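Listed here are the chains, written in short residue letters.
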Amino acid sequence: MIYGPLFLFISLFALIPVANVIANSMWARGLTFNFYGQSFSSQYLNAFITTLKVAFWSGLIGLIGGAVVALSLWRSKSTWVTTVISAMSGVLANFAGLPLAVAFMVTFGVSGLVTNALQKFFHFNLSQTGFNLSSSVGLILVYCAFQIPLAVLVLLPAYSSLSEDLEAAALSLGCNVLEYFRRVLIPVLAPSFLGTFSLLFANAFSAYVTAYAIAGGSVNLIPIQIGYLINGNVSLNVGLGNALAVEEMVVLSLSLSLFVLSLRMRKKRRQRVKGGAINV
Amino acid sequence: MFEKWIYRIVIVLFLTQVLVPFVGLVQFSIQGAGTTPTLSSFQQLIVNPLFSGSLLNSLFLALCTVILSIGIFTPPVWHAYLYAPKVLRVIEAVSFVPFVVPAVVLALAYVQFFSSGLLNLVGTPYLLPFAFALLGMPFYVQVLLNRLRHTDALSLHEAAQSLGATGVYAFMKIQLPLLRSGMINGGLLIFTISIGEFTITQLTTGGSYNTLPLYLMIAFTNNPLEGSAMAVLTLVLAVMGVVAALFFASDKRRRVKGERA
Numbered sequence: 000m001i002y003g004p005l006f007l008f009i010s011l012f013a014l015i016p017v018a019n020v021i022a023n024s025m026w027a028r029g030l031t032f033n034f035y036g037q038s039f040s041s042q043y044l045n046a047f048i049t050t051l052k053v054a055f056w057s058g059l060i061g062l063i064g065g066a067v068v069a070l071s072l073w074r075s076k077s078t079w080v081t082t083v084i085s086a087m088s089g090v091l092a093n094f095a096g097l098p099l100a101v102a103f104m105v106t107f108g109v110s111g112l113v114t115n116a117l118q119k120f121f122h123f124n125l126s127q128t129g130f131n132l133s134s135s136v137g138l139i140l141v142y143c144a145f146q147i148p149l150a151v152l153v154l155l156p157a158y159s160s161l162s163e164d165l166e167a168a169a170l171s172l173g174c175n176v177l178e179y180f181r182r183v184l185i186p187v188l189a190p191s192f193l194g195t196f197s198l199l200f201a202n203a204f205s206a207y208v209t210a211y212a213i214a215g216g217s218v219n220l221i222p223i224q225i226g227y228l229i230n231g232n233v234s235l236n237v238g239l240g241n242a243l244a245v246e247e248m249v250v251l252s253l254s255l256s257l258f259v260l261s262l263r264m265r266k267k268r269r270q271r272v273k274g275g276a277i278n279v
Numbered sequence: 000m001f002e003k004w005i006y007r008i009v010i011v012l013f014l015t016q017v018l019v020p021f022v023g024l025v026q027f028s029i030q031g032a033g034t035t036p037t038l039s040s041f042q043q044l045i046v047n048p049l050f051s052g053s054l055l056n057s058l059f060l061a062l063c064t065v066i067l068s069i070g071i072f073t074p075p076v077w078h079a080y081l082y083a084p085k086v087l088r089v090i091e092a093v094s095f096v097p098f099v100v101p102a103v104v105l106a107l108a109y110v111q112f113f114s115s116g117l118l119n120l121v122g123t124p125y126l127l128p129f130a131f132a133l134l135g136m137p138f139y140v141q142v143l144l145n146r147l148r149h150t151d152a153l154s155l156h157e158a159a160q161s162l163g164a165t166g167v168y169a170f171m172k173i174q175l176p177l178l179r180s181g182m183i184n185g186g187l188l189i190f191t192i193s194i195g196e197f198t199i200t201q202l203t204t205g206g207s208y209n210t211l212p213l214y215l216m217i218a219f220t221n222n223p224l225e226g227s228a229m230a231v232l233t234l235v236l237a238v239m240g241v242v243a244a245l246f247f248a249s250d251k252r253r254r255v256k257g258e259r260a
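Those protein sequences? They're chains V and L, same order as listed. Just so we're aligned, residue 0 is where the first sequence starts under numbering that gives the first Met the number 0, counting upward by one. Just so we're aligned, residue 0 is where the second sequence starts under numbering that gives the first Met the number 0, counting upward by one.
None of these hints come from the bench; they were simulated from the model. It should be emphasised that the depicted structure is a prediction, and the values quoted were computed from it without experimental measurement. Careful, some of the hints might be misleading.
Unchecked claim - Covered, in the sense of this in silico footprint (three residues per stretch, anywhere, with C-beta under 8 Å from a C-beta of chain V), are these stretches of chain L:
id: 1; region: 69–76
id: 2; region: 128–141
id: 3; region: 170–176
Backbone N, C-alpha and C fix where the C-beta goes; we use that ideal spot for every residue, glycine too.
Turn these sequences into a full structure, and let the hints guide you.
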């Protein structure tokens, strides 16, 4: 009884509408895979590849950046800096969307802060280099503004769960700090890195608002194409939209499974070294 | 020593990377036609009835979503945590639906499902509180579970009932106050999500219901100055939300210590 409203809510506003999308993606007066065929035709296939590329690179840069920043915070052992930066990262990671897009557009715009500063101090004209925010490279740059803070948030607890004994042991066995990072820290934290990457990847793969505001029609992405199909900017083809949506959900499920797998790996490692000095 | 400096440089670079766009935004929003900074774009915004209308709409929607979420998520999560761990696992699993079904896909699903018959809700704002509640569900459920894990809810509930309280009375008088900080924290998260939601609002209402993010998009396209002033205001709102959440989080910690002692 107490669960009734919750499960009614979930069914009505999530499960049934989504099941409807999946069903309609392969049903039009009979079973058909035409919509999937269309979804792999040139324009939409390109969108798929571009989305994968943007998600992969922004995920990878976000992971590396976030890992280095979180490492620096952890090693500098300053609690107040860590508190301030995690609070800031919390705001930035969750506050992507429109304000961030607007901030980038005006900062890199014709009379924006970065454009002016480059011109003034380096006599470097940004617009003449052909740099454009509404391109895949521009989008990756913008995505990094929320991907790196998100990675910092996710990785900080992973670093602080590392036991100090691990470093002491490595150093006493003759490692220097860099070797300790390369041969102990990175392998030990590999599952966390993998999990973080899959989170960032999924995050970028499903991002709509930022891409819509910054690139609009000039970068061909799957979420944008779905949005166009809903808005009817293209001749309305619901079946095709459904097929694209199903493909998007498949990719997101895969990266979520990767995340769950990374949690399992971390648990396994923890069990393997239980009782030892290594507290992963 | 050398190592420490590398870390400091990395942190400063990170701060520069994340702060430059926002410094640029603020600088742009206060730059007037001349060389002296001015707040005129903010003034224009405040007297604009379209802006105040969208602000009111957004606040109203967010408030509805918070009440709805607290109402439908709190009792089942609490009950499942205490008495039905298996149901709790199901609730946790379905709460992650928004991670697999992103906002665009949800919008596409709603546009098809709610377009006919009894539930003909596309084009109206009535769908939005439910959609926002769904988007905020994973966060709300986790915050509430965190709160539950820090309390001894089960023995308090049993104690109240053994002293003669009915289950409902004990829930209202003991459990709800116990969960208050979790509900406030989770509610703040839901509030922030609702205030900033753009995708589903735009795609399911077709722009017929003006909210803060929708108006931000229009304002920025028409007049970048006004749009950037609005982005600054939205950011201030978000930072205030996070500060409030941090404030309640520290309050929670203190109270938990008191309970343990």
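Results of checking the hints against the structure:
1. A count of 5 residues in the region 69–76 of chain L with a Cβ less than 8 Å from any Cβ of chain V is obtained; the coverage claim is therefore met, three being the minimum.
2. Three residues within the 8 Å Cβ limit are the bar, and the region 128–141 of chain L against chain V gives 4, so the coverage statement holds.
3. Coverage of a stretch by a chain is defined here by at least three residues with a beta carbon nearer than 8 Å to that chain's beta carbons; for the region 170–176 of chain L and chain V the count is 0, and the condition is violated.
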